[in-house]
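*Asks:* Here are the chains, one letter per residue:
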Amino acid sequence: MVMKRLRWVYIALVLVFLYAPIVVLIAYSFNASETRAVWGGLSLRWYAELFRDKGIMDALYVTVSVALLATMAATVLGTLAAIGIHSMRSGMRAVFMNVTNLPMLTPDIVTGVSLMALFIFAKLPRGYGTMLLAHITFDTPYVIFSVLPRLKRMNKHLYEAALDLGATPSRALVRVILPEISPGMVTGALLAFTMSLDDFVISYFTSVRTANLSVLIYSMTRRKVPPTINALSAIMFVTVLSLLLLVNRRDARSDKSKLKGA
Amino acid sequence: MSVRRGNGPGLRRSMFAAPYGLWMLIFTMAPIFIIVFYAFTIGGKPTLENFKLFLEPEFVGILTFSLWLAFLCTVICLVFGYPTALFLASRDLKRSAMMAVLFVIPMWMNFLLRTYAWMSLLEDTGLINRFLTFIGVGRKKLMYTENAVLFGLVYNFLPFMIFPIYSVLKRSDLHLEEAAQDLGANGWQVFLKVTLPLSLPGVVSGVSMVFMPAVTTFVIPRLLGGGSFMMFGDLIENQFLTTGDWNFGSALSLIMMALILISLGFLNNANPEGEEGALW
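Chains as they are written, first to last, in the working numbering: chain A, 1 to 262; chain B, 1 to 280.
Next comes chain B alone, as it looks inside the complex (with noise of 0.2 Å):
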């Protein structure tokens, strides 16, 4: 900023946030406000009852069911979207760049409309049914199990945990792979000692975008368990639509910001180089 003209365009410019500043006043932290304000009050009157109410086994296990769940689709995206980052990012493989596309373009579509496409695959009456009669094996129930479920939560986040890790490998240095060969590294140990460690960044940040979502859904729940395995999701829709109690919908509310700002904290600290959030 030039320092000759006094009271400077500088200062002036800062106030081109000023419309921002007051919008996000209004739409960001007021709704924020009026969350905590619910939390903490019944009636009006200042009261923890809405987050002792949380402490009955009903609704820890629903959080335990929904961490569990989570945490099963994390270590699943992980196991089959590691390989795929890795030979997505592999130096050999021709027109690398147009395969991650490939990769990116379903994400593109609505998600309702091709976890309703599952449904379809699914049901009793469905394509792999009728694949599973033919072949002799029988019909099995698939729709509405929870395996329905984990496995929707699987389908709608898996490049999340793709993409990360791929873009951290693609811009990592190829020489340090070459120069642990030279060295006399096996395949093996070059991708333990060196390729590894460096994607862990990667690894992190998909872990954080992987499992954040998956904790909070209550669309994928809903479609693919047909309601009958609520998670903590459904939980806070539940209150706030059906019971109408917005009370206790806002204590789960706050309870699921801090469990989401905790994770990511203790993420961040395990990436040192603070990839996270860098999905393009």
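In isolation and in its complexed conformation, chain A is listed as follows (with noise of 0.2 Å):
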């Protein structure tokens, strides 16, 4: 009983240490004073502002429309990527999967210089393109690896009889393999997103003119913090928070045998 208690304690130590920033971030949030010395009583003004904020806003366009464009390219790309290399041979297959390794091994840094040398080797200006390009590479591995599992858990005979009846490779492609992968590809998307939303290092690399909120964060502790980041974090925090719930039903809605897919 007592060893319970303590468990409880524990855990809820460690949810504590784990939430204390996000819990001052939304506080200062309502904070009507403009410097975090001083409490000046509740206010909604940096939501206000936060909205007018040019700078802020602009990153938040970038960083999400990077972050969707990314997905969509690198779930076309490594779906098929996905259904290729699982019909290669097995030197071919290692070829692939190695070459798919490598970006996910790479720590970020050297992933961000790397393609920063490319883009300047190749004369590109480092800007909202170049940043989409890192994007949709570091993102396409995620939903290869989500994706091919289900290619490997499908039963391949299914496709020969749709060939058998008489559909077209290409019919048989989307009537049975992309329904069978297709929570795959959803897992692989959401991943992909995820990564894209919270990249700093290789976005702070590939691009200097555009910055997403993650590169203007960073910018902004280097001088001063406005007080409308505050009221952002909490604007994200619950953001977050429904996605994640809206995941967590979905997964709990699919088969229990995805808990190893991603």
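Simulated from the structure, these hints should not be mistaken for laboratory data. Here the structure is a predicted model, which is why all the values come from computation and not from measurement. A few of these clues could be false.
To be verified - Keeping only pairs whose Cα atoms sit at most 25 Å apart, straight-line, the calculated DMTMM-like set for lysine to aspartate or glutamate is:
#1 Lys141/B to Glu34/A
#2 Lys4/A to Asp173/B
#3 Lys45/B to Glu56/B
#4 Lys4/A to Glu177/B
#5 Lys123/A to Asp245/B
#6 Lys4/A to Asp92/B
#7 Lys224/A to Glu49/A
To be verified - Taking CB as the label site, the calculated pair distances span:
#8 Leu178/A to Lys141/B: 55 to 61 Å
#9 Met97/A to Leu127/B: 47 to 53 Å
#10 His157/A to Leu48/B: 55 to 61 Å
#11 Asn147/B to Met72/A: 39 to 45 Å
#12 Thr41/B to Asn98/A: 22 to 28 Å
#13 Gly244/B to Glu49/A: 35 to 41 Å
#14 Arg130/B to Met97/A: 49 to 55 Å
#15 Tyr128/A to Arg139/B: 53 to 59 Å
Where a beta carbon is used, it is the ideal one built from N, C-alpha and C, also for glycine.
With the hints as a guide, bring both chains together as one complex.
*Replies:* Right, dumping it as structure tokens:
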């Protein structure tokens, strides 16, 4: 009994540690005063100012649009790649899997500087476009690693049966294979999307003229952080929370075998 | 793949990976090639000078400092994360899945925002110092110290230790522990002889998932250490963005990659079940 209590206390303490900074950000977002040192009473002032702050709004637009575009591109590229890799001979497959593993093992900072070197070498001005290319590059492996297990688990005779029943290969692909692997595609897309949203290091090196939120926040911490950032954190936290609840619902409904899927 | 269809859909279907292959050639292989080229040349001439430069005490010192800090961070994460994972995975814990989600949520929050929040807690006029002054302990210098950097590392990477251990324990066979109990083992013996060995693959992946990013980070020491404690990641960033010495920066990048691959290989050997990377 005592053990059980202690267990709860311990878990609660770790949670306090993990949530402390988030609670602080949200609390300060309602602080009417300009500085953190003074509590000026409750106010929604910073929320109003947040939406008028062009710098933050631009960065928000960059973050979300890059994440969406990169996720879409990575899902198409990655799903096609997974189908291709799945039907390869073992030697070729090993080559592809190693190349896919590489960006996941490479430290972000090395991926960042090497892509920066590539863009400078190719004389591409580093901005929105190069950031998008970089994001597609690090997102795609997540899709492949989510789709491949689905393909492996799939009954391959289904596809052959479809062909025997007169379906063209492309029709069999759309009607038989895609529905089977779509849960893996969704998982992969979600993973890719979060990776993109959260990325700082690679965006920092691959874009100088366009900042996403992470890069903007970083440059602010080097100078002065406006209180509007607190309001932004609160909104982001609520968004993340609702997204996660949504995903969790979806996971609970789909089969348990997905536990290892991603 | 059906044998009857001579040139076969199998052959054609492997072509689906062609766009991706091309993409990786341009955006993964070519950049690495460029880095390798810069690392082994100066002004286009082949040389090992860049690697020799690294051997200077100043740079070796930065590497050892990074390794040491990452090591401390890993140990602290293990000490605090293991019991957390163990408690979370215990069978009699109600709503264990929901509790696990509670641990994931903070990770989804932009890590720069969270680190910035710690800055406002730790600064000289921050909440912690005001509390310390209030209870009469007096103001302590918390920000821009080595401990602040370590603290930030632990904060950011603790969940990466908890989850692999939690998921391995959650998946392990409950009957093994029961059998040990039935055979007369007490609580400690069950833990030492059954639970702990079962959880080792999780520990190994947890250690690699904490140690790797901790060695390579450059943001956390920059923000919480105020730039006075240079880690290996800072050094690389400096070479590319401040000093402009791409050759030396590339050599450092290769050293870092080698370090990561060697330690991964080492950890994989320690982990016959190959659980590494299975975070979710």
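*Asks:* Are the hints correct? Go through all of them and say.
*Replies:* Comparing the hints with the structure gives:
no.	hint	verdict
1	Lys141/B to Glu34/A	holds, 24 Å
2	Lys4/A to Asp173/B	holds, 22 Å
3	Lys45/B to Glu56/B	holds, 22 Å
4	Lys4/A to Glu177/B	holds, 18 Å
5	Lys123/A to Asp245/B	holds, 18 Å
6	Lys4/A to Asp92/B	holds, 9 Å
7	Lys224/A to Glu49/A	holds, 16 Å
8	Leu178/A to Lys141/B: 55 to 61 Å	holds, 59 Å
9	Met97/A to Leu127/B: 47 to 53 Å	holds, 49 Å
10	His157/A to Leu48/B: 55 to 61 Å	holds, 57 Å
11	Asn147/B to Met72/A: 39 to 45 Å	holds, 44 Å
12	Thr41/B to Asn98/A: 22 to 28 Å	holds, 26 Å
13	Gly244/B to Glu49/A: 35 to 41 Å	holds, 38 Å
14	Arg130/B to Met97/A: 49 to 55 Å	holds, 54 Å
15	Tyr128/A to Arg139/B: 53 to 59 Å	violated, 45 Å
Checked against the numbered hints above, the structure breaks only hint 15 and satisfies the rest.
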